[in-house]
Amino acid sequence: MKMKTLSVLFAGFCALPLSAQETNSLAQFQQRLDAMQANFERTLAAQRAEIDALKQELAAQRAAPPRPLLAETPPGASVLSAPAAPLRIGKGASYMDIGLVGTFAAGGSTANDFESLQLGGHDPNQRGFTMQGVELNLQGAVDSYFRGNANILFSVDGGGESFMELEEAWLETVTLPGNFTLRAGQFLSDFGRINTQHPHSWGFVDAPLVSARLLGPDGLRNPGARLAWLAPTPFFTELSFGIQNSHGETAASFRSEGHSHGGGAKEGVPFGFRHPDNDRGVRGFGDLLFTPRLATSFDLTDTQTLLLGVSAAFGPNSSGGSGDNRTQIYGVDAYWKWKPANAHGGFPFVSLQTEAMLRRYQLGAFDWDENADGRVDAGEVVDPGTGLPAVLARETVTDYGFYSQLHYGFRKDWVAGLRFDYVGGNTADYERLGVTLDGAALGRDPVRDERWRISPNLTWYPSEFSKVRLQYNYDDRARIGRDHSVWLQFEFLLGAHAAHKF
Amino acid sequence: MRTLLLGFAGILLAFSAQAKLNVVCTTPDLAAIAREVGGDRVDITTLTRPTEDPHFVDAKPSFIVKLNRADVLIHGGADLEVGWLPKLVEQARNAKIVSAAKGNVRCCEGVQMLEVPTTLDRSEGDIHAAGNPHYLVDPANAKIVAHHLAAAFAASDAAAGETFQANAAKFSAQLDAKLTEWTAQFAPFKGAKIVSYHKSWSYFAQRFGLEMNLFLEPKPGSPPSAAHLAGVIAKMKEQGVRVIIVDPYLDRKTAETVARATGAAVVDVAQFPGGVKGTEGGYIALMDHLVNSLTKALTK
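The listed protein sequences correspond, in order, to chains A and B. Residue numbers for the first sequence, in this note's numbering: 52 to 553. Residue numbers for the second sequence, in this note's numbering: 12 to 311.
Bear in mind the hints are in silico, worked out from the structure with no lab data behind them. Treat the numbers as computed from the prediction; the structure is a model and nothing was measured. Beta carbons are placed, not taken as given, at the ideal position from N, Cα and C, and that holds for glycine. Accuracy of the hints is not assured; some may be wrong.
Residues of chain B placed beyond 10 Å of chain A at every Cβ, according to the derived structure [said to hold, decoys possible]:
#1 Ala-70
#2 Ser-73
#3 Ala-169
#4 Glu-249
#5 Arg-271
#6 Lys-307
Going by beta-carbon spacing under 10 Å, a handful of chain A positions derived as facing chain B [said to hold, decoys possible]:
#7 Glu-92
#8 Thr-232
#9 Ala-235
#10 Gln-237
#11 Leu-281
#12 Glu-289
#13 Lys-390
#14 Pro-391
#15 Ala-392
#16 Phe-398
#17 Asp-420
#18 Ala-467
#19 Ser-514
With a cut-off of at most 35 Å between alpha-carbon atoms, the simulated DSBU-like pairs for lysine-lysine come out as follows [what the hints assert, rightly or not]:
#20 Lys-77(B) with Lys-388(A)
#21 Lys-518(A) with Lys-311(B)
#22 Lys-98(B) with Lys-388(A)
#23 Lys-204(B) with Lys-463(A)
#24 Lys-518(A) with Lys-210(B)
#25 Lys-210(B) with Lys-463(A)
#26 Lys-107(B) with Lys-388(A)
Please build the complete structure, drawing on both the sequences and the hints.
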């Protein structure tokens, strides 16, 4: 374009009449124009070369790995943009966290009746090695509204039989207005403290007596929904309400047929000396299991925290042959922890956890003459007064108990623990009758009789992901006697970093 | 009457416009920078104490309450708090601070991370998948975090955006000046070797040309064994290492034993302002103390 203008100008100049003097200045003028053109072309070439060089540099920078940042941040740098090398976040590298916890125990006891000695479904269940449980945990964000969690537990029972149970599988809202959280699926009922803690996170090798007896060997868990509300108080206060199915092995004090993980059938007399033949199903909303709970927490000082709770569980039960029978369980729990301001790796610390529970169980009326032949047959409970199969009246029995466990993490990775258990119940009418079975007097109901236990233990954590625990149990069971047991537990965790509730 | 009401409404509006951002920080170093950037437009709550081990904090219910009321959650973002923070955020019922929300600020974004593992294998100890999470002991990273926080605060409080930018710029300028000073102070000690307990000072070492390759713990998270310490003592004597640094929550006795055996000095350090006496003033006060005490120990 510029060339054209120059040419036109040049031509224009050519058109002018020329004198000798003018010819000379014309020559000069032409020289100047030539010089300008040459200069222009040089500049153009130089600029092109510079652009090419810059392009090459840019391409090289894009291909090269990022250099470490210099002392000055580039002005206006948007530090929210992702760096050249993607940040690898453990939890962000996959859509789900997977963890596996394997818990095993080895040891023995002076007792032979493990089923009655160890009440927990995943307690050591034999002399030798027990595969307490291998728990597979999967969790992650379902979408921006829900997060999900599942715990699948594999175990081997006392008789060597493998079984698998779904411990929990639920989704929970991430943000609901009004400080609510809604959980739906299969979950451990929000009752007390130990019920919602998975066995691998317990401070002891076995379940406390009171929770295993009153809530069941596997705790209280069923499919359902739970709504929890965080109150607008300056300290933590949470109110929760759960509605779940009321039947099954994992609702042992409700519409259940009894629960057994042990090798062989659970022989002997059923609970309350009567069969649970009275499951009338769910006729209405009131036949579900309800578990309200109120929990509150205070930071007593900079280094001490206290968590208190009160819970209840209401639902129907399937006891006896007739009657609309119900169960109510009440519990109070407290957890206190001290940890100094300069704790290393969480040590030292002292913690105390105590729970007390009470159950009122309505036993249904039951006639042992099940084949209605008016005679005593084998396997029927007999009333010595009449000499005929016993007819048991409806009554409500009360069972209660508590446990208290103290932990002292005295050195990094070492924890000493001590637990005291007590469980018992009132002497009911059916126990006073003096009934007999196959000639032998039944006396007190063994699943409601008094017992206590003291368990000191020592745990060593080689890392956060493994543990070895040595525990001694001294059991005193009324009308049965005293027993000593020693268990060595070992546990490992593979996979995602599991965090536990306080 | 009308004018009075309008005036009242105006004052109320002014107050609401002046409402401070409720900011919750996980560790005190982030809180110190947040304070510089936020100024009086933010109310800062810190979850951990400066003397506390940030890896192992109890997820206390009182934290849930604090998080429930927060507008912004500031955390390291590199899995330092992974043992306790996610559980708290899950129970906090606060849409503003869940992981995808703009009120959830991962401070490691924009920072060049060191020691990012190529494979995740726990036999190497408790390693962090995102790299070494203790990046704030390098003042250059403090600048990045400051700018990041200015942007994050502005996202939640657009009206004060310019204030935050100005504060961040001022802090940045102060750090620039100080960084030249600190680098000059460390210049005569380039390549000096220092022993630490845990591998949490890599960024500091890289910035100031120090060498920290000897650790009192054999692997991250494992306690020091007698055999390992004997090896450390031997190497210290061989390489002429004269300084051991100890954080407030670590076992000083172990460090003192090693120091006695090798004639080295034990220096109290902290990653958080307030962790060691004389560092309560803030980030720059902390770095000043660290640089001064280390150069003094290296001089001996």
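Quick rundown of the hints versus the structure:
no., hint, verdict
1, Ala-70, "5 Å, violated"
2, Ser-73, "5 Å, violated"
3, Ala-169, "15 Å, holds"
4, Glu-249, "29 Å, holds"
5, Arg-271, "21 Å, holds"
6, Lys-307, "24 Å, holds"
7, Glu-92, "46 Å, violated"
8, Thr-232, "6 Å, holds"
9, Ala-235, "16 Å, violated"
10, Gln-237, "18 Å, violated"
11, Leu-281, "6 Å, holds"
12, Glu-289, "8 Å, holds"
13, Lys-390, "7 Å, holds"
14, Pro-391, "9 Å, holds"
15, Ala-392, "5 Å, holds"
16, Phe-398, "8 Å, holds"
17, Asp-420, "55 Å, violated"
18, Ala-467, "17 Å, violated"
19, Ser-514, "6 Å, holds"
20, Lys-77(B) with Lys-388(A), "19 Å, holds"
21, Lys-518(A) with Lys-311(B), "44 Å, violated"
22, Lys-98(B) with Lys-388(A), "18 Å, holds"
23, Lys-204(B) with Lys-463(A), "28 Å, holds"
24, Lys-518(A) with Lys-210(B), "24 Å, holds"
25, Lys-210(B) with Lys-463(A), "18 Å, holds"
26, Lys-107(B) with Lys-388(A), "30 Å, holds"
Hint compliance for this structure: hints 1, 2, 7, 9, 10, 17, 18 and 21 are broken, all remaining hints hold.
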